[in-house]
Every structure is written in C-alpha cells, then in structure tokens.
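Which chain is which? The protein sequence lines are C and W, in order. The opening position of the first sequence corresponds to residue 1 in UniProt numbering, with each subsequent residue numbered one higher. The opening position of the second sequence corresponds to residue 1 in UniProt numbering, with each subsequent residue numbered one higher.
Treat the hints with caution; some may be incorrect.
Identical copies look the same in the list; a pair holds intra-copy or inter-copy alike.
What the hints assert, rightly or not - Keeping only pairs whose Cα atoms sit at most 27 Å apart, straight-line, the calculated DSSO-like set for lysine-lysine is:
1) K236 - K21
2) K335 - K4
3) K450 - K266
4) K4 - K88
5) K93 - K4
6) K89 - K4
7) K9 - K88
8) K88 - K222
9) K214 - K450
10) K384 - K266
11) K214 - K236
12) K335 - K410
13) K76 - K21
14) K9 - K55
15) K392 - K21
16) K221 - K425
17) K76 - K88
18) K422 - K265
19) K55 - K4
20) K76 - K9
21) K407 - K335
22) K93 - K76
23) K285 - K21
24) K285 - K392
25) K425 - K392
26) K214 - K422
27) K404 - K266
Honestly, the hints are just simulated from the structure, not real lab data.
Number of protein chains: 2
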Amino acid sequence: MAQKPSIPKGTRDFSPVEVSKRNYIISIMRRHFEQFGYQPIETPSFENSETLMGKYGEEGDRLIFKILNSGDYLDKVPVEELQNINYKKLTGKISEKALRYDLTVPFARYVVQHQNEIEFPFKRYQIQPVWRADRPQKGRFREFYQCDADVVGSTSLWQEVELVQLYDSVFTALGLAGVTIKINNRKILSGIAEVIGASDKLIDFTVALDKLDKIGEEGVKKEMLEKGISEDALVKVQPLFSFSGSIADKLEKLSQLLATSEEGKKGIEELRFICENVTRLGLQKAQLDLDVTLARGLNYYTGAIFEVSAPEGVAMGSIGGGGRYDDLTGIFGLKNMSGVGISFGLDRIYLVLEELNLFPPTVTTSTQVLFLNFGESQAFEAMKAVTNLRAKGVKAEVYPDAAKIDKQFKHAERRMIPFVVKEIKGDLFTLKDLQTGEQSETDVAGILAKLA
Amino acid sequence: MAQKPSIPKGTRDFSPVEVSKRNYIISIMRRHFEQFGYQPIETPSFENSETLMGKYGEEGDRLIFKILNSGDYLDKVPVEELQNINYKKLTGKISEKALRYDLTVPFARYVVQHQNEIEFPFKRYQIQPVWRADRPQKGRFREFYQCDADVVGSTSLWQEVELVQLYDSVFTALGLAGVTIKINNRKILSGIAEVIGASDKLIDFTVALDKLDKIGEEGVKKEMLEKGISEDALVKVQPLFSFSGSIADKLEKLSQLLATSEEGKKGIEELRFICENVTRLGLQKAQLDLDVTLARGLNYYTGAIFEVSAPEGVAMGSIGGGGRYDDLTGIFGLKNMSGVGISFGLDRIYLVLEELNLFPPTVTTSTQVLFLNFGESQAFEAMKAVTNLRAKGVKAEVYPDAAKIDKQFKHAERRMIPFVVKEIKGDLFTLKDLQTGEQSETDVAGILAKLA
C-alpha cells in the first residue's frame with residue numbers, strides 16, 4: 001500500500017490530548033447529571049431501521065446511515081426485481097439496521113420497551129456518538145457525540161426549572177461564565193400566530209422569526225411576506241422585533257399582545273413559573289433570558305424551548321438546546337408520556353473552552369516522571385521504583401530501551417513529561433525538573449512531594 | 001405501532017445499574033492505563049472499507065458490518081451489471097465504509113497516518129465498541145467494547161514485563177484475586193513444530209494443541225494425526241501433555257526439548273527474561289504461569305502471547321489476552337514497527353465480578369436523598385435545599401409532582417434512594433432513613449453528616 005491510509009470524510013481521530021480534554025468535559029457533565037438525579041443508560045449503536053425511519057422527516061431518513069445485511073443479502077431479491085428497482089426500494093430489501101441518528105428516538109424506544117422495569121418519572125442521561133450522512137463542513141461531522149439529559153413521565157414545570165439549573169451548574173463547573181440560557185415556549189409562538197391570524201402558517205412564521213439574529217428584521221419580514229403572511233399581521237408582530245428589557249418586562253408585553261389567545265396565556269403562565277423560580281433560586285455564572293424568536297425544531301416541542309449561547313465575544317452558534325415534548329413515546333405506542341430534556345454540544349463546548357483557554361493544565365498531564373534507561377541492571381532498579389510509585393498513584397514510566405541519553409531526554413520533552421530520573425543509587429534518585437533544569441537527589445517520598 | 005419496539009439481535013440496552021457497573025470497571029482500567037503511561041486515543045466508528053477488508057481473513061471479511069453509501073448508491077451501477085452481479089461484487093460498488101471490527105487495525109492505521117505527530121515508542125490505550133456480524137449466543141454480542149493497551153515502536157521486553165504488571169494492577173484494583181496470567185511465545189511453538197518435524201504444519205499443530213484444556217490429550221492427538229502430523233512427532237511432543245511444575249521447571253524442560261532449535265531457544269530466552277523480572281518485581285493478586293499450549297490468534301503474534309483466565313471456580317473463558325506483533329503497521333506500509341499489547345474483556349470481567357459479588361455497593365448508588373413534594377410553596381423550599389445540597393456534592397432530588405405521599409415513598413423505595421425528607425420547617429428537615437425507618441429533625445449539616 002503506497003498511499004497513506006485515511007479515514008472517511010466527516011470523521012475524526014482523537015489524539016491523547018483531545019481525548020483527555022473531551023473526557024474532562026464529559027466527566028463534569030456526568031457528575032452534575034448524577035447530582036441532579038439523572039441516571040445513565042446506553043443503547044445500541046444501530047437500531048432496527050423501522051425504529052428510526054420516518055422519525056426525522058424526509059431529510060432525516062436520507063441522512064441515516066444504513067447497514068447492509070450480512071451474508072448474501074441479494075439471496076432474497078429476485079433478479080427480475082433488481083432490474084427495475086430504485087435505490088430506496090432496494091434499501092428496504094438489503095438493509096434492516098441503521099446507525100443511531102440522535103439519542104431521543106432510541107430513548108423513546110428504550111422507555112417503551114422497558115416500561116415495566118422503569119420507575120417513573122424516569123430521569124436519564126446518555127452520552128454516546130450519533131451518525132449523520134450530512135455534508136461535512138467546519139464544525140459539522142458525520143460522527144459526533146450527543147450528551148442528553150431527559151426526564152419522562154411528569155409534566156411538572158419544576159423539571160424545566162431544574163434543567164436551567166443543570167445548564168448553569170455544568171457551565172459554571174467548566175469555568176465558563178456568561179453563557180445565556182434562552183427560553184421560549186411553543187405555546188407563545190402558537191399564540192402569536194393565532195392573534196396575527198397566521199395559525200395556518202405557524203411553521204413558516206416561526207422558521208422566519210427564528211432567523212432574526214441571522215438575517216435581521218427586514219430579512220424576516222421579507223421571508224414572512226413571501227410565505228403569504230399578511231402586511232397586517234406584520235404590523236401586529238412589530239413589537240417582537242424590538243423586544244427588550246427584563247424578563248418581567250417581556251412577559252408584560254406578551255400579556256398585552258396575547259390577551260385574546262388562551263394558548264398564548266398558558267405559555268406565558270408556564271414561562272413565568274419557570275423564570276420566577278429560576279430567579280428566586282439563583283443562578284451561578286449563567287444568565288437566563290426570554291427569547292420569543294427561539295423556535296428550534298418546533299415540530300416536536302410542545303412547551304418550553306431552550307437554547308444556550310456561548311459568552312459574548314465568542315463566535316459560536318448554540319452550545320446546547322432542548323425543550324418539552326408532550327408525547328415523547330407516542331411514536332412507539334405508549335401514550336401520555338410527557339418528556340422534557342436538554343442537550344449539550346460537546347464539540348462546540350470544547351472549542352469555546354479552547355478559545356477561552358479554560359482547560360485546566362492538569363487535564364492533559366500524562367506521565368509525570370520518566371526513568372531513564374542505562375541498561376538492564378539499572379532498568380530493573382528503575383522498574384522497581386516505578387512499580388512502587390505507581391502503587392502510590394503516580395503516573396511513572398521507564399524508557400523501554402537503553403537508547404542514547406539525548407534521545408531519552410528528547411522523548412521526555414516531546415511528551416511534556418515534567419520530571420526525569422537520571423540516576424539511581426540505592427534508595428536515592430537523581431531527579432531533574434525539565435522546566436527549571438534544577439537537579440536534586442531525593443527518595444520516593446521526595447518524588448511524591450515534588451509531584452504533589 | 002401495536003408491537004413493542006425491539007433492538008437488533010446481538011445488541012443490548014444497558015440500564016442505569018449496568019452502565020454504572022461498566023463505568024466502574026472502565027474507570028479503574030483508565031486509571032491504571034494512565035499510571036503505566038498509556039495515553040488514550042479514539043478512532044472513528046467506521047473506517048474506509050479498504051482499511052479493514054482483508055485484515056482478518058476470509059471469515060473476518062464476512063463478519064464486518066458494511067455501511068451503504070448515502071444517496072442514490074445505485075446511480076453508478078449500470079442496470080446490465082445488476083443482472084449478473086453477486087452480492088460480494090455489489091458490496092464493493094454500493095458500500096465504501098465499514099464498522100470497526102477490532103481496535104488493533106484502526107490503531108495500526110492511526111499510527112501510520114499520524115506517524116509524524118507521534119513520539120515513539122507510543123503507548124496508547126483505547127476503550128471503544130467494535131462490531132461483528134457473528135451469530136449471537138450466550139456471552140457473544142454483535143456490539144461489544146474492547147479495552148486495549150498497546151505500545152508500538154520498541155522491541156524491549158520490559159514492555160511485556162510491564163503488561164503483566166498492568167493486568168495484575170487492574171485485577172487487583174477490581175478486588176479480583178487469583179486470576180492466572182498465562183504466557184507463551186510464538187517462537188516456542190515454532191521451535192516445537194521444528195524439532196518434531198512439523199514446521200510445515202505449524203498452524204494445524206498449534207490450533208490442535210491450543211485445545212488441550214477443551215478436548216483433552218486424546219482429542220488433541222487425534223486431531224494432530226488427522227492433520228497429518230506423524231506418530232513419531234506425537235511421541236516427541238508427549239512431554240507437553242503433562243507439562244507441570246514451576247515456571248523454572250518448565251523452562252528447563254523446554255530447554256531440553258528445544259536444544260536443537262535456534263528459534264525455540266530464542267523463545268525460551270525471552271520467556272525467561274519476562275518471567276524472572278515479573279517474579280522479582282512481584283505481583284499483587286494475580287499469578288503468572290507458563291502455558292506452552294497457548295496459541296490464540298497465532299497468525300499475527302510473533303513473540304509473547306498472553307491470556308488471562310478467571311479465578312478457579314468461576315466458569316468463564318479467558319478475560320483478557322494479547323501478545324507481540326513484530327510488524328504491526330506493515331499492512332499500511334510502515335515497516336519495522338514492533339508492537340505489543342493486551343486486551344481486557346469487559347463483558348466477561350463484568351460477569352465475573354457479578355458472580356463473585358465484587359462490585360462495591362456504592363457503585364450503583366444514584367440519588368441519596370429525595371425531598372417529598374407537598375405542593376408548590378413547599379416544593380420551592382425543597383428546591384432551595386436541594387440546590388444547596390447539590391452544590392455541596394450531594395445527589396439530591398425533589399419529587400416533581402405533589403402526588404400522593406404513598407406514591408412518593410414507593411418511588412424512593414423502588415429507586416433504592418436511602419433517605420427521604422418528609423417535612424421542611426425553616427432550616428430544619430425531617431429526614432427519614434428508609435432502611436431503618438428511623439426519623440430525625442436535622443439541618444443541612446446534619447444531612448451531610450448522615451450521607452458521609
């Protein structure tokens with residue numbers, strides 16, 4: 001093989017430093033998920049195709065990776081049929097499994113399949129990769145992790161309150177100050193569409209409104225007009241384009257705008273409960289804001305809608321999002337199971353922490369001390385010391401070969417190992433600090449003290 | 001959908017308790033891998049098919065899960081061709097990617113692809129799922145985790161010594177006493193085949209010998225005869241069937257048997273170095289043994305061969321294995337890269353710990369204290385207390401709805417939450433211990449003390 005091997009487009013290898021940083025973020029999420037009572041589950045990487053297909057719209061179906069049946073998958077496809085088949089039909093005959101596209105549908109499937117073993121309300125978190133045959137581009141991959149916390153089986157709004165706190169706790173623990181947790185409610189959007197007489201164009205209306213921060217007021221209005229929303233309606237909707245002030249101010253304005261919509265009023269009531277309680281309980285480093293333009297995947301959210309944006313000054317899309325679905329498991333035949341959940345965008349959080357230099361330096365510390373190798377008898381003494389140090393929790397190594405000392409030092413430097421043991425005399429080691437160049441004779445206790 | 005949804009055969013859902021137990025094992029492996037200087041990498045779940053195909057033999061090729069190309073994958077397959085195509089040929093035209101089959105080939109690919117960024121010798125560990133289209137059976141799954149530690153770029157036998165220590169450290173930390181780390185060497189097997197005049201039948205010979213503990217002496221001899229190994233050869237090989245005593249004894253017997261084989265003597269020398277140094281450095285709870293029948297995937301091992309068996313009395317196959325390949329990366333064009341590594345069998349280790357009741361009870365402790373919900377104003381007080389407790393590291397929850405108290409108590413019991421707060425009066429909580437039934441009035445500090 002003359003050519004260097006490569007990996008499929010849209011996928012990534014993760015180096016030791018990258019894995020360590022990713023695991024740092026994941027371990028903080030795990031800890032906080034569990035403090036909030038969420039329990040981990042894991043589901044298979046591939047599901048039966050019928051579990052996934054038709055759950056994400058036509059576009060989604062197209063982006064799901066399908067797995068070829070094993071063995072002679074053409075065995076049951078008559079030759080006559082093959083001549084006149086299109087690829088979509090053929091797929092159904094030669095593929096029965098598909099890679100997970102998100103964690104929500106597998107979670108719904110899990111809940112229905114295991115409903116008799118589950119104690120509801122069921123708070124679960126799940127941190128696993130998903131796969132999408134999207135066109136790869138900067139920051140968009142064909143394999144990426146989702147990190148989801150959801151609770152199913154209760155309509156209590158305390159869960160929305162708690163999920164806002166959970167976002168705040170995780171981002172605070174990551175040292176990330178100034179994220180904004182934006183909240184909205186599907187019922188507010190429906191209410192607005194209702195009062196402006198565009199209920200039949202709810203999706204078009206919200207899709208356009210959702211773009212306000214991207215294409216501006218004029219852009220949104222243009223798109224709404226194109227979609228057949230009337231000039232009259234645009235006048236009524238005008239207040240939304242300059243919707244500022246405190247959350248209380250915004251709720252007050254919404255109350256006026258939605259006075260005639262029962263659904264809109266219900267949405268305001270829900271938002272008020274969540275925002276008031278979050279405020280009374282207090283957030284640490286995040287801030288809450290009401291964003292009436294926020295829609296996200298409106299199709300499935302029925303109540304609260306969340307989105308988290310990175311601190312101001314960091315050019316990054318949303319780093320998290322979520323909301324409530326009143327009928328999470330209905331697609332699998334289990335009715336009346338309301339669910340609400342949030343997701344953390346691992347890749348983007350990683351980039352934000354990198355940009356703001358927020359990874360603690362210890363995260364990437366691998367080996368702490370390298371014992372040089374001067375040949376077999378000294379190597380044995382070094383192995384003895386290293387065995388002892390490891391038992392005490394130290395990350396220690398012996399260079400495996402009696403290579404030139406220069407080469408061994410270079411190895412330590414390139415791997416950013418801070419200390420090298422150059423010589424062993426009985427219980428004493430000559431320890432060199434590679435940063436300061438300082439050298440000292442010390443024993444195991446001394447090494448432990450240096451590393452502490 | 002009338003039918004309950006299901007998952008593909010050979011795959012598994014993992015419940016919270018199962019995930020917690022698996023993560024407990026994985027976290028211990030991680031810690032020790034890192035103490036030994038191994039660094040984590042991760043590779044994509046799917047690779048280009050050409051990276052995987054042809055690397056695992058014909059059987060392996062068959063068991064690799066292939067992914068259908070996205071979009072109209074038939075676009076480039078002329079209809080004429082479709083009429084006379086067999087599935088193997090078609091696969092090459094409609095599938096370019098395949099799911100990872102093990103972690104070794106992706107590791108070799110990684111090393112070659114990133115050779116200019118890697119500092120050698122490179123010690124890496126990797127804990128990720130792999131997929132095989134094997135017929136599912138008890139203990140054999142189509143998706144399962146592999147946990148590998150390998151070092152590439154040095155032929156030093158200290159690495160074999162260290163890998164034995166690594167097995168010992170991990171199993172000791174898991175509380176698993178009495179595992180046996182069996183060691184052999186490909187050169188010993190070649191040497192035996194040479195001295196009995198069966199060098200041309202090395203594979204048949206070792207495959208048969210490897211079955212000694214399964215089919216017994218007579219079975220092995222029968223198979224060897226069937227494969228064309230002579231009666232004469234069987235006489236010479238007789239000592240291997242009752243190969244007992246200390247490692248030193250066995251090495252002595254091997255020295256006699258292999259006196260005329262240069263390769264055999266080299267194997268003995270390697271084994272002696274490894275065993276002597278392991279013994280001098282001392283193991284904690286595992287024991288080392290020389291097993292001349294051990295062959296495993298002989299085709300690729302060129303030096304040491306390892307296999308770990310569960311403690312006596314536990315009916316379980318091997319719980320780990322590994323060995324040295326002198327030419328790990330040659331398949332991708334990078335020559336002279338010797339590699340040696342070991343693998344831990346997560347699923348089987350899980351079953352052994354379960355059988356011996358070795359999971360610490362704390363592993364599955366989820367929420368520690370549940371605050372009952374008596375309606376909104378009390379719920380707010382409860383949320384305040386819970387927010388406070390979580391900030392102090394406690395796993396605490398409020399029941400989300402003001403449901404009947406009986407139901408809330410049952411919820412705590414079913415989820416095995418040990419403490420319930422029944423009432424809040426200012427800063428005082430009525431805390432009930434669900435195991436003892438004991439009830440007390442206490443403050444936050446008191447709760448923290450109880451849970452400590």
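To see whether the hints hold, each was checked on the structure:
Taking CA atoms no more than 27 Å apart as the test, K236 paired with K21 passes in neither setting, with 49 Å inside one copy and 57 Å between copies. Proximity of K335 to K4 under the C-alpha cut-off of 27 Å is restricted to the inter-copy arrangement: shortest distance 13 Å between copies versus 53 Å within a copy. In this assembly of identical chains, the alpha carbons of K450 and K266 never lie at most 27 Å apart, being 62 Å within a copy and 42 Å across copies at closest. Proximity of K4 and K88 under a CA criterion of 27 Å is satisfied inter-copy only: 26 Å between copies versus 34 Å inside one chain copy.
In the homo-oligomer, the alpha carbons of K93 and K4 lie at most 27 Å apart only across protomers (22 Å), although the nearest pairing inside one protomer, at 36 Å, exceeds that limit. For the identical chains of this complex, K89 and K4 are inter-copy neighbours only, at 25 Å across copies versus 37 Å inside a copy, given an alpha-carbon limit of 27 Å. Both within a single protomer and between protomers do K9 and K88 lie at most 27 Å apart by alpha-carbon distance, with minima of 23 Å and 24 Å respectively. Taking the shortest Cα distances, K88 and K222 never come within 27 Å of each other, neither inside one copy (37 Å) nor across copies (53 Å).
For a Cα distance limit of 27 Å, the shortest separation of K214 from K450 qualifies neither inside one copy, at 53 Å, nor across copies, at 53 Å. Taking CA atoms no more than 27 Å apart as the test, K384 paired with K266 passes between copies only; the shortest distance there is 26 Å, against 70 Å inside one copy. In this assembly of identical chains, the alpha carbons of K214 and K236 lie at most 27 Å apart only when taken from the same copy (22 Å versus 82 Å across copies). In this homomeric assembly, K335 and K410 come within 27 Å of each other (Cα to Cα) only across copies, at 23 Å, whereas the closest approach inside a single copy is 64 Å.
Taking identical chains as interchangeable, the C-alpha atoms of K76 and K21 are never at most 27 Å apart, the minima being 48 Å within one chain and 42 Å between chains. Taking identical chains as interchangeable, the C-alpha atoms of K9 and K55 lie at most 27 Å apart whether they share a chain (25 Å) or sit on different chains (22 Å). For a Cα distance limit of 27 Å, the shortest separation of K392 from K21 qualifies both inside one copy, at 24 Å, and across copies, at 25 Å. When the C-alpha separation of K221 and K425 is checked against a cutoff of 27 Å, the pair qualifies neither within a copy, at 80 Å, nor between copies, at 54 Å.
Taking CA atoms no more than 27 Å apart as the test, K76 paired with K88 passes in both settings, with 16 Å inside one copy and 15 Å between copies. Taking identical chains as interchangeable, the C-alpha atoms of K422 and K265 are never at most 27 Å apart, the minima being 74 Å within one chain and 34 Å between chains. When the C-alpha separation of K55 and K4 is checked against a cutoff of 27 Å, the pair qualifies only between copies, where the shortest distance is 16 Å, while the shortest distance within a copy is 39 Å. Proximity of K76 to K9 under the C-alpha cut-off of 27 Å is restricted to the inter-copy arrangement: shortest distance 20 Å between copies versus 32 Å within a copy.
Taking the shortest Cα distances, K407 and K335 sit within 27 Å of each other only across copies (21 Å), while inside one copy they are farther apart (67 Å). In this assembly of identical chains, K93 and K76 lie within 27 Å of each other by CA distance both inside one copy and across copies; the values are 8 Å within and 19 Å between. In the homo-oligomer, the alpha carbons of K285 and K21 lie at most 27 Å apart inside one protomer (21 Å), although the nearest pairing across protomers, at 33 Å, exceeds that limit. Taking the closest pair of Cα atoms, K285 and K392 come within 27 Å of each other only across two copies (17 Å); inside a single copy the shortest separation is 37 Å, beyond that limit.
Taking CA atoms no more than 27 Å apart as the test, K425 paired with K392 passes inside one copy only; the shortest distance there is 21 Å, against 47 Å between copies. Proximity of K214 and K422 under a CA criterion of 27 Å is satisfied in neither setting, with 59 Å inside one chain copy and 50 Å between copies. Proximity of K404 and K266 under a CA criterion of 27 Å is satisfied inter-copy only: 26 Å between copies versus 76 Å inside one chain copy.
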